[in-house]
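S.K.: Starting from the known structure of chain B, arrange chain U on it as the hints suggest.
Line by line, the protein sequences are chains B and U.
Using the UniProt record's numbering, the letters of the first sequence map in sequence onto residues 1 to 310.
Using the UniProt record's numbering, the letters of the second sequence map in sequence onto residues 1 to 272.
Simulated from the structure, these hints should not be mistaken for laboratory data.
Ideal Cβ placement from N, Cα and C applies to all residues, glycine included.
There may be inaccurate statements among the hints.
[Claimed, not checked] Residues on chain U that point at chain B, a partial pick, calculated with CB under 10 Å: (1) Arg3; (2) Tyr13; (3) Phe16; (4) Leu17; (5) Tyr88; (6) Met90; (7) Val97; (8) Trp104; (9) Phe111; (10) Ile116; (11) Leu120; (12) Leu206; (13) Pro221; (14) Leu222; (15) Leu239; (16) Phe254.
[As the list claims (entries may be wrong)] To spell it out: a stretch of chain B is covered by chain U in this simulated footprint if at least three of its residues, at any positions, have a beta carbon under 8 Å from a beta carbon of chain U; those stretches are: (17) 41-47; (18) 108-115; (19) 135-146.
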Amino acid sequence: MTLTAERTRGPAAGRRGRPGRSRQGRETLLLMLPALIPVLIFSVGPLLYGIYLAFTDARSGRNSVTSFVGLSNFGDLLTDGDFWASFRIGLIWAVSVTVLQFVAALGLALLLNENLRFRAFTRVLAMVPWAMPPVVIGLMWRLVYHPNAGILNSTLQGVGLLDHNVDWLNDFSIALPAVIVVGIWTGMPQTTVVLLAGLQGVPRELHEAGHVDGATTWRRFWSITLPQLRPVIVTITSLDFVWNINQFGLVYVLTQGGPGGQTRLPMLFAYEEAFRYGFFGYAATLGVAIVIVVLAVLGIYIGRQMREVS
Amino acid sequence: MRRPLQYLALLGYMVFLAFPLLWLLSTALKTSQEMASLTPTWIPRHPVLTNFADAFTEQDIVGSALRSLVVAVASSVLTVVLALPAAYSMARHRSLVNKIAIGWVLVSQVFPFILIIIPLFMVLRSLDLVNTLPGLTVVHVTFTLPFALWMLQGYVRSVPRELEEAAAVDGAGRIRALVKIVAPLLAPGVVATLLFAFISSWNEFLFALVVLKDPDVATLPLTLVKFTGAEGVVRLGPLAAASLLATIPSLAFFAIIQRRLRSGLLAGAVKG
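Here chain B stands alone, though its shape is the one from the complex (with noise of 0.2 Å):
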């Protein structure tokens, strides 16, 4: 990538000054123009709206009048037990999926780039989820939860490690971690696949030269792998963080953030103030708020990963 940038930055520069120039600036404008307008109107123009929408009281009738009132819906937002329980959850959420994903992720990608039997076909499979529709892979895991007819339960209590049948998408204490582990299965394919590819760009030299000098397979994964990995680990885990913190469909098609609230993210929470109670206003602000925490989260892990590489 870095390459082909290199080689058509020279012709370019060499360009520049001439009385080609305004022509060629024209030609650009003319060839961008079907692609920028649709983007300016469909998804610019209404991403700062909806900014805007966040100081305002919008209400979803077609008809209702809207005006500016500050920030007093960032005021009912902080003082909203509802708001606090949902990011709650939120948080607990694209937490634990983004940590565990990695870690199962990295474990498959190790695997992966061994040399092992059955690695191509591992492969394969591993990329399963990813080429499925999110509300497939909603309906589907409902049939593995499902407290009589599905697998889960079954399973586990012929193995003797239940023995009644777990009602797991409607129980208030089990719902979120259920939900967790399809988040973990949905994602593990784009982690695994970076982390792999990450992998295989740590140079070849450098575990010989571990070996010769002794050092054990854990100690050369600590020292080696890990710190060259590093960049990698750093983009993929904070797209996911993003990812999942704004996670809707899969949720949605679970749970529909029940029971009572117990897996209502952010998004769906939102979802529910603008389009079933129909405050447009307050649902912005929720959005903005989030995409606050969101630059705030990145902001600090970033920076740390950044001090500790320096």
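M.R.: This is chain U only, laid out in the frame that chain B set:
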């Protein structure tokens, strides 16, 4: 000692990854009587294919699949038509727009959908596009565009600029050079991008949920989710069958581009 442990771990991963899939398949092959018996077994006692037939008659699976197909074809073709000129320009001329486009791909990851979907819903409402397939198509095009643009410009870059210049030297006009030289080399990339846009649209649930309130225009993911509403164990067989059928297009897509995904695209995406 190490090898057996590794194989044990690999087996663990295989079980974790595969068991929900096998269960979906098993459920899809069971009769409604067996589903109701409440002693689930892995292997169906009397495997049948009737659930697949039922999936077509119960609910509006065929109708919603057709609507999904229309939206997915329209939005993938539109996406590529709109993105191709921009991708060409991004790859061939260095400009500020490149950086902005890549910046937008990243920014659009961070912002939660709710901030975009509410105003977008208001825009569509004022254009009378709510509850219409063109409305959903517009939304899908906009949200696939940035990534499609990024994919396409990578493919344009891989076509050597020298080829184009050589054609020009040989007296071919600019357009002729593009059509005769660049287009054939670009075709695989265009197909990959088309497939990517098609699958994004085919699988998409959230925007469909907001834009298409009317069950008469529901796309496949919406209909599948509605399937479970009036649950009852006996209906789970057809649901599983329909879910499997809905997965076929994306599985086919991944089978085709598997190699590319594994090697290039994502590794490049992460390393920048």
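S.K.: Does each hint fit the structure? Answer for all of them.
M.R.: Going down the list of hints, with the structure as the test:
no.	hint	result
1	Arg3	holds, 8 Å
2	Tyr13	holds, 5 Å
3	Phe16	holds, 7 Å
4	Leu17	holds, 5 Å
5	Tyr88	holds, 6 Å
6	Met90	holds, 8 Å
7	Val97	holds, 5 Å
8	Trp104	holds, 7 Å
9	Phe111	holds, 6 Å
10	Ile116	holds, 5 Å
11	Leu120	holds, 5 Å
12	Leu206	holds, 5 Å
13	Pro221	holds, 4 Å
14	Leu222	holds, 8 Å
15	Leu239	holds, 6 Å
16	Phe254	holds, 4 Å
17	41-47	holds (count 7)
18	108-115	holds (count 3)
19	135-146	holds (count 10)
In summary, the structure agrees with every hint in the numbered list given earlier.
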